[in-house]
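Protein chains: 2
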Amino acid sequence: MAGGSAAASALSNPWRTLLQRALDANAHLKHSTFFQLATVGGGSRPANRTVVFRGFQEHCDKIQINTDARSNKISEIKEWPLGEICWYFTDSWEQFRISGIIDVIDGSNSDPTKLQQREKAWFASSVKSRSQYLGPCPGVPVANDDHIKDVHLDPSAGPVDAYCLLTLDPEKVDYVNLKSNQRLMFTRRQEGEESSDWMAEKVSP
Amino acid sequence: MAGGSAAASALSNPWRTLLQRALDANAHLKHSTFFQLATVGGGSRPANRTVVFRGFQEHCDKIQINTDARSNKISEIKEWPLGEICWYFTDSWEQFRISGIIDVIDGSNSDPTKLQQREKAWFASSVKSRSQYLGPCPGVPVANDDHIKDVHLDPSAGPVDAYCLLTLDPEKVDYVNLKSNQRLMFTRRQEGEESSDWMAEKVSP
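If you're matching them up, the sequences are chains P and X in order. Using this note's numbering, the letters of the first sequence map in sequence onto residues 7 to 211. Using this note's numbering, the letters of the second sequence map in sequence onto residues 7 to 211.
Check the hints yourself; a few may be wrong.
[Unchecked claim] Label-pair ranges, simulated between beta-carbon atoms:
#: 1; chain 1: X; residue 1: S137; chain 2: P; residue 2: R27; range: 26 to 32 Å
#: 2; chain 1: X; residue 1: E125; chain 2: P; residue 2: E177; range: 36 to 42 Å
#: 3; chain 1: X; residue 1: D117; chain 2: P; residue 2: K84; range: 37 to 43 Å
#: 4; chain 1: X; residue 1: S137; chain 2: P; residue 2: A149; range: 50 to 56 Å
[Claimed, not checked] Okay, derived cross-link-like pairs now, DSS-like style, lysine-lysine, Cα gap no bigger than 25 Å in a straight line:
#: 5; chain 1: P; residue 1: K178; chain 2: X; residue 2: K84
#: 6; chain 1: P; residue 1: K208; chain 2: X; residue 2: K134
#: 7; chain 1: P; residue 1: K185; chain 2: X; residue 2: K36
#: 8; chain 1: P; residue 1: K36; chain 2: X; residue 2: K36
#: 9; chain 1: P; residue 1: K134; chain 2: X; residue 2: K36
#: 10; chain 1: X; residue 1: K185; chain 2: P; residue 2: K36
#: 11; chain 1: P; residue 1: K84; chain 2: X; residue 2: K134
In short, the hints are calculated from the structure, not lab data. Quick caveat: nothing in here was measured; it's all calculated off a predicted structure. Backbone N, C-alpha and C fix where the C-beta goes; we use that ideal spot for every residue, glycine too.
Between the sequences and the hints, there should be enough to build the whole structure, so can you do that?
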């Protein structure tokens, strides 16, 4: 999922080099691509859930996450688009805390480029993963087990309404390695679509 | 860490029965007691970090976490004491999202009972874990590697100033099992120090 373009961009970005190394070192673990995304919901309540890393958007550092447009977090993120990812690698004992602004790209988005990105991310998922979006609305009470229905999805069909792509644009990355007891703080100095300038500072763990 | 009292109380609390089962099923993994704690910091920014489960407080459902009183999160939590734990069990594919109010118990606390709890939690940690609080202030820039100094801690000495106990008092627990594709939402109905009444509802994942 963190494919060729990710590796290429990582060269110009110090924390992505570390992240790519962590992904490689933990690749034998299915959960190595899982992280926790914290956002702020109604009444300024913190919300936190496990999501799956779907790679970086091409030519930039934006982190892609697939989600259900019907889940609570979508309206919450539209209201307050800040997020912090906490990504702990259980084998190499490394933690990346990545904070930034989240963009919600659902089917109603007016930007054709973003709709293309959504379509691309949709087809990059497995058919099994895609068919989840045909299930019942998440978080709604279920009477019995009658919600477990067979769903059929045409593998060539484009994104369904319930499919939503989130992208988190990193502004700060707090990296700690618990084996070497080293901590690095990366701060983005310059904003830009194609490239960013990152400042690194060594801090106490 | 989730000892006898935890198991005993779990009988009267449906989500603690599930949590105890998950802890047992994943006990062979060191990281099974690690979870991510989300809080809200200055400027309503979400913050998220990995912390270690230090068991339940006796006779109640409060979740104990050790932390450094000098870290940013302490002033942030004092300002806004809401938290959400996201606890993902990598072997059994279960997630617990536990939200509630956090109590900060540092050495300046005026409640003698809470100071006793802090002392008890201090001695329940390993000497190695305790000696971390003698290190430099977390997050402060370091010039070279001169911060790696040998620290000596008297194993019989009580909690140092930098040691802080956090307790999170759960109000809502969102449980999902990704193997059975079942999700349960637990909501606390009644507040009380010693016992709580929990309502459970089956919702779609």
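### Task
Give me the numbers of the hints this structure contradicts, sorted from smallest to largest.
9, 11
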